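Asker: These are the residues of each chain, in order.
2 protein chains.
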Amino acid sequence: MFSEIHMPKGFKCAGISAGIKASGIKDMAFIFSELPAAAAGVFTTNQVCAAPVKVCRAHLQHGVARAIVMNSGIANACTGSAGMVAATDMAAETAKVIGCEPQEIFVCSTGKIGPQLPLEKIIAGIGKLFDVALIENVQDTAEAMMTTDTRPKVAVEELHIEGKSVRIVGFAKGAGMIEPNMATMLSYITTDAAVEQHALQAALKRAVDSSFNRISIDGDQSTNDTVLALANGAAENRPLDESSHDWGVFFQALEKVCFELAMMIVHDGEGADKFVTVNVTGAASAEDAELAARAVANSMLNKTAWAGCYPDWGRIMDAIGYSKARVIEEQVDIFYDDTQAVAGGCLSGVAQEDLIKVVSQTDFAININLHIGDGEAVVYTCNCTEEYVRINF
Amino acid sequence: MFSEIHMPKGFKCAGISAGIKASGIKDMAFIFSELPAAAAGVFTTNQVCAAPVKVCRAHLQHGVARAIVMNSGIANACTGSAGMVAATDMAAETAKVIGCEPQEIFVCSTGKIGPQLPLEKIIAGIGKLFDVALIENVQDTAEAMMTTDTRPKVAVEELHIEGKSVRIVGFAKGAGMIEPNMATMLSYITTDAAVEQHALQAALKRAVDSSFNRISIDGDQSTNDTVLALANGAAENRPLDESSHDWGVFFQALEKVCFELAMMIVHDGEGADKFVTVNVTGAASAEDAELAARAVANSMLNKTAWAGCYPDWGRIMDAIGYSKARVIEEQVDIFYDDTQAVAGGCLSGVAQEDLIKVVSQTDFAININLHIGDGEAVVYTCNCTEEYVRINF
Chain A
1 MFSEIHMPKG FKCAGISAGI KASGIKDMAF IFSELPAAAA GVFTTNQVCA APVKVCRAHL
61 QHGVARAIVM NSGIANACTG SAGMVAATDM AAETAKVIGC EPQEIFVCST GKIGPQLPLE
121 KIIAGIGKLF DVALIENVQD TAEAMMTTDT RPKVAVEELH IEGKSVRIVG FAKGAGMIEP
181 NMATMLSYIT TDAAVEQHAL QAALKRAVDS SFNRISIDGD QSTNDTVLAL ANGAAENRPL
241 DESSHDWGVF FQALEKVCFE LAMMIVHDGE GADKFVTVNV TGAASAEDAE LAARAVANSM
301 LNKTAWAGCY PDWGRIMDAI GYSKARVIEE QVDIFYDDTQ AVAGGCLSGV AQEDLIKVVS
361 QTDFAININL HIGDGEAVVY TCNCTEEYVR INF
Chain B
1 MFSEIHMPKG FKCAGISAGI KASGIKDMAF IFSELPAAAA GVFTTNQVCA APVKVCRAHL
61 QHGVARAIVM NSGIANACTG SAGMVAATDM AAETAKVIGC EPQEIFVCST GKIGPQLPLE
121 KIIAGIGKLF DVALIENVQD TAEAMMTTDT RPKVAVEELH IEGKSVRIVG FAKGAGMIEP
181 NMATMLSYIT TDAAVEQHAL QAALKRAVDS SFNRISIDGD QSTNDTVLAL ANGAAENRPL
241 DESSHDWGVF FQALEKVCFE LAMMIVHDGE GADKFVTVNV TGAASAEDAE LAARAVANSM
301 LNKTAWAGCY PDWGRIMDAI GYSKARVIEE QVDIFYDDTQ AVAGGCLSGV AQEDLIKVVS
361 QTDFAININL HIGDGEAVVY TCNCTEEYVR INF
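Residue numbers (this note's numbering), protein chains in the order written: chain A, 1 to 393; chain B, 1 to 393.
Bound conformation, chain A alone:
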């Protein structure tokens, strides 16, 4: 599937089975930069956060990365000081193999919260990964990141900066906006562009806000969510920052990779078979628009109605009403795609069959205009089926 994809210049990657999951299933991945890369990161805001997140946050102070090493199967979250030792050792061991400082290694884990990492298997796995990474293997890397995902997730952009050809390759895992069973969204973005670290960090934050932060979660925000970006400069452009001529080109490509990966996560939502875009316009502010959009996207009553092809706009009115956004009931218009369901807070003249037609599609939009101000927001989400409950049993 991704076997044709090449990494940006100077990057290698690998995915292997280290024996953390059941025999033979890939469970460790490695992304390695031959050159020191500018590093940026965005992490979960959960007060309960995994040991590898704490280690990544500390290492990011250094601002330079040589590698990301990760495991799936066990989250190394709620594991106390033993978990911190394991995450630190995982970085130190990788640094030793590569021959760099431990602060230049970023570590991630995803999987069950609670159990300790099997450190011997991890350390053996690091050696094996480094050997395999001498040949890049995008497919294996993406597969090793998976937990309840049904498919690996990779996005690629090619662009030109000052006439030099640049690549961005991004990886992600996560089984949907309905927060995955295994409780983590992870994404790694690699590029051979040279980018100033502070500019990369600001760009990543912005790109995450308009991509991963726009997909709906059910509030079960993970202890391990991590997005990392590594820019190693192998393309030999002059280091980019916000004042560079080609900054816009670079930022758009970065944002596009993040957006594509985020959409892949929603499309792979646990048990989901519909992709729903919730647009709110006319809110008192952008914040209000977001609050209203999230209330609709996260409502179980809306998610189950969509699953049943049931155009219950009353549940949408209900959700925006209890959201913290300012709502004037009599001014609300709601459309399913272009078909108006609600006019001025009441049923429009639409025929129920026309709404059923829209909500029966596998991809449709709910467009809500609050008619108060200029605030806008969009959230991407999916439906909730019985399969979701079965997966999370």
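Think of the hints as simulated: they come from the structure by calculation, not from any bench.
Treat the hints with caution; some may be incorrect.
Where chains are identical, the list cannot tell them apart; a pair therefore holds if satisfied intra-copy or between any two copies.
What the hints assert, rightly or not - Once the Cα atoms are required to be at most 16 Å apart in a straight line, the calculated EDC-like pairs of lysine to aspartate or glutamate come out as:
id	residue 1	residue 2
1	256	157
2	128	101
3	54	329
4	112	333
5	164	246
6	12	136
7	54	330
8	54	387
This one's a predicted model, so the numbers in the text were calculated from it and none came from an experiment.
Position chain B relative to chain A; hints supplied.
Answerer: Positioned in the frame of chain A, the structure of chain B alone reads:
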């Protein structure tokens, strides 16, 4: 089931089929006081609220009630000015039949959001209800309130005030903390005690806070939620207020009726088969304790884990971590009933089988100690099964 139950002195009640729902299914209820009763009410805080809620709020200014008239099947929410006319007419017509002021009539509707009330059927129903209400019928009244409820909900308390015997009879509908398909929690409390209106209002507010407001909803707060209390004084005690000798006895009985009805709602949760009590202690404040308890109780990952008899305490750690409550990961203890799962933020030495034993029960508690301060809160909730998704299709 409730055919043996008598209303408080001076109250009559009835439930009939007015043809709003499918043929023969009861869909209108009536609670009538022969004497003017002190009235108290607590309503949804949803910005989108049903016409009958608006009418009840206005009528409550008057502070006196003669009757509650309600229909199930259609919520009269998001129905604009036509809906307001219907709710007002419903009150006016009832007042005419009884011979009282329209402000003395409280109206409620529950059911589908959007459609207009069939006013002719409602008006015919009011006449029929008044005839039938000459004999009290608690069973029919409770049944007529039901939507996705699987059983009617009535609670009774008997007490003595200044040597006079007093009764409190409460009705409720609502199919669970997972907000009902038909989107409403309604409850009516009647008593023949004489109670000052301002004291009744304050007491009802307090009783609702420790009962209906302690059951977990999934955020889908209804447009129609209404709790009404009517005290008609037929017991002939001197009117009670907070300074009365027997105030405590009265308040406790009122609170008990509200609590029993609230527990009936959780036990009848849509598709649910487990009752779960979430206790949080040691929080920085009572508000923090409530935020943490609600995060756990409303988490789909927790609800589905309980359905699967899966003691996934990591999902509980995750939920308190993203709640707005202050949490110090290393200090958290979590127990399933008395069995400790988490000690200081990590897995205790407990055997998984022991936790499975607790979570396999149909009724258990999650006890969380944050070890920060003295704040405490409890929330009552239920599990989420595939049946929930089927019901809300």
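Asker: Go through the numbered hints given earlier and state which of them the structure violates, listing their numbers in rising order.
Answerer: The structure breaks hints 2, 4 and 8; every other hint is satisfied.
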